[in-house]
Amino acid sequence: MIVGASGWLDVLGGVGLLAGSLLILIAAVGVVRFDDVYSRIHAAAKAPTLAVLLVGGGAGLTIRTTQAVVAALLVVVLQMIAGPVGGHLLGRSVYRRLRPELDGPDELAAED
Amino acid sequence: MIASALVALSFVVLSLAATLFLVRLLMGPSVPDRVVAADGLLITVSCGVLVAAADRAVSVAIDTVVVVALLGFIATGVVARYVEQRGG
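Protein chains in written order, with my numbering: chain G, 1 to 112; chain W, 1001 to 1088.
Hints were generated in silico from the structure; no laboratory data involved. All values reported here derive from a predicted model rather than from experimental measurement. Treat the hints with caution; some may be incorrect.
[Claimed, not checked] Incomplete in silico selection of chain W near chain G, CB under 8 Å:
no. : residue
1   : 1006
2   : 1013
3   : 1014
4   : 1023
5   : 1026
6   : 1040
7   : 1045
8   : 1066
9   : 1077
10  : 1084
Virtual Cβ for every residue (Gly too), placed ideally from N, Cα, C.
Modelling step: build the complete structure from the supplied sequences, incorporating the hints.
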């Protein structure tokens, strides 16, 4: 089987798409199975950021036009800003307002 | 050939993930749980749009994902403020 350079880029992009989708699945399993709110926010904030990086990179590698690559890059950058900041916002308001039971010492107790 | 098999497989994986997020969205005891699940569902759908765009070489669809990512971030921030002021 003869595969040119563009064929290899297609395969690489496809592997990126699949790896990103698997990371999303891992995040979903974490969100369903973890026991408290903080763990669920943790599962939903970290893995999808890398997943969007992989899927966006895969889409850019597969389509290979300037418009697609720039848009995919924008998606990745936005997600890398929005994911951690959104998770932090949510976790902070849960800590301040809902006060769920912790399974360890409250290291932020002196803050407010 | 290989690439289209990978695309089909990632659609299957994304559907499984969306089902799991939906389970947490329906179960989730508190508001933040549901918000986390809804956010994950939104990311799953955006990744699905990205995979479909890569499959059919439609670069316009990626612009949609940019808008959806921004809206999702704003929604998470708004609900975080709601939880902080009114409780969940």
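Hint check:
no., hint, result
1, 1006, "holds, 3 Å"
2, 1013, "holds, 4 Å"
3, 1014, "holds, 5 Å"
4, 1023, "holds, 6 Å"
5, 1026, "violated, 11 Å"
6, 1040, "holds, 5 Å"
7, 1045, "violated, 10 Å"
8, 1066, "holds, 5 Å"
9, 1077, "holds, 6 Å"
10, 1084, "holds, 4 Å"
Hint violations for this structure: numbers 5, 7, all remaining hints satisfied.
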